[in-house]
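Using the sequences provided together with the hints, build the complete structure.
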Amino acid sequence: MKLFLMKLMATLVCSLIIFTAKAEDKTVDIADFAKYRRADDAAPMIRVAIAYCKQIRATKLIFPKATYYFKRDLAAEKYVFMSNNDEGLKRFVFDLSGMENLEIDGQGSKFILTGFLSPFLLENCRNISLRNFSIDYVRTFHSEAKILSVDKSGMTVQFDRKFPYKLDHQTLIFTDSAGVVYPWSDLLEFDPLKKETAFMANDLWVGSNVPVKEIKPGTVKLLLPQITGIPGNVMVFASAFRLVPAFNISGSVNISFSGIDIFHCGGMGIVAQNSRDLFLDHVRVTPSPGSGRIVSITADATHFSNCSGKITIENCLFENQKDDATNIHGIYSKITRINTPYEIEVELVHKQQFGFEYLKPDMKVEFADATSIVTYANNSVKSTERINKEFTRVVFADPISPNTKLGDVIACSTDYPEVLIRNCVIRGNRARGILLNSRGKTVVEHNTFHVPGAAILFEGDASFWFEQSGVNGVTIRNNTFDNCNYGVWGNACIQVGSGILKRVRSKSRYHKDISIVGNTFKIFDPRIINAYCVDGLIFKDNKIEQSEAYRSNFSDGKAFVIDACSNVSIDGYDIRNAVDHVKK
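Here the sequence shown stands for residues 5 to 588, where the numbers follow the numbering used here.
Hints were generated in silico from the structure; no laboratory data involved.
Predicted model only: the values in this text are computed from it and were never measured.
DMTMM-like cross-link-like pairs, simulated, lysine to aspartate or glutamate; straight-line CA separation at most 25 Å:
#1 Lys547 <-> Glu318
#2 Lys217 <-> Asp155
#3 Lys114 <-> Asp164
Computed spacing ranges between beta-carbons, pair by pair:
#4 Leu93 <-> Gln59: 22 to 28 Å
#5 Asp560 <-> Ser189: 31 to 37 Å
#6 Asn571 <-> Lys199: 38 to 44 Å
#7 Ile219 <-> Asp560: 42 to 48 Å
#8 Asp567 <-> Asp285: 37 to 43 Å
#9 Asn319 <-> Thr175: 40 to 46 Å
Don't be surprised by glycine CBs; every beta carbon is placed ideally from N, CA and C.
Following this line, the structure appears as structure tokens:
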């Protein structure tokens, strides 16, 4: 009897353990919701599955490996303000708002969308893991054409069938099979053999009203007398708006991406604001294999505004996107009115910052001069009142500084993210590589850069984008800078581009402690560093190798241009292949 009771107890314990494990591991299989899927649209199925995951607090949502098509007709809808993208009433396939402790595993699936529809929205989420799937679109938000010829009256180009268009009063209107219009605004030439922007190609901000003449279906002539280009190259007709990022993240904590391919979207790939602890591992932004496209996505690969905690980007590939690989920064608001010694009104100036909410009670803020971006006072927020998407009234705990004047700016002065960018490849995209603007400890190591502008740019300004910067401890080590600056978006491989007026630079040391150690610079252009307003700049034990990959337009340029800096050390670099024109 005793033996029987012991066996029964053991059976009950084992059953309880198994039941508890199953209860804690609440895995949902999307295949169980197949009845909600329409023949050509899986979006309704996703809405039902996400609602069920919220109801049971599922821990995992899995997709049998397949191709899933999504349309916007029955997708979730919200009005969204997303930093550095365009605001609007938008639709989303996966609206994960408010969800916690969920992993979505695509198991190698392809998510293919049609029209103005974003894949993911994460608002006020915690502990979300996204894994093993790709994102692409049936019709891209930009268009591409092969340059056939150029003469005094304009340029003749040929479009593939995957970039359908129509003519309206002799202007190009890009469409899809459903008649949806895809607005465009500017042109940029790409080299299809090198798979990068054409050598020294400029953005052509011509607008979409360029007169055209159709030579035959698929072939048109742009009637622009001053336009230049090389026959055989690709002319990209860029999307006019950033309305459709792939991943929209706001007010969220501990969000991770692994094994994600972003082949296309109509905005930034991954954009996060007011979020904490963001991790990217083996994320690829690249044109879809076999698509024949030269552009991947239409804006930055990644972008982080007013984030905190840790931002880690490892083992990623960012190529052929229409803007930088990443930009990590805070936000400045401009002082427009001083109501009392304790109260001011501030404005979000750039239209792609409208609706950005970051000022909160007890937040520590800095006051900075608009011309030098030098911080002259600090305070703590007591209360805020949002007037509208542009203006906010702010009451402070202490009297504001008597030096405060209209036009100056305020920003959060604490809780900057620590940044790690490691083992990544950044190449072939428009503009720059990475924009480093966090005041947290930043490490950039074992990456390869091949970009047409500055590989690394330190920015910050109070005049256009109103992005807060002022780094304080950046280590750049063991990277390869492979023939950067073959375009027009930089003055050196590593550059400061902060919006500080020249007449006040002598009193500004906006950036602090930048260390550039043990890197390899392969250069056809002698310009390596261009820096100003830095306190603490070290350049040592770097290799400089001469290259003939491109024609140098700046053969008489200086390797190091240093202005209004303190505590600068440039030594110990190894010059290879007789780079006689490298100078201090």
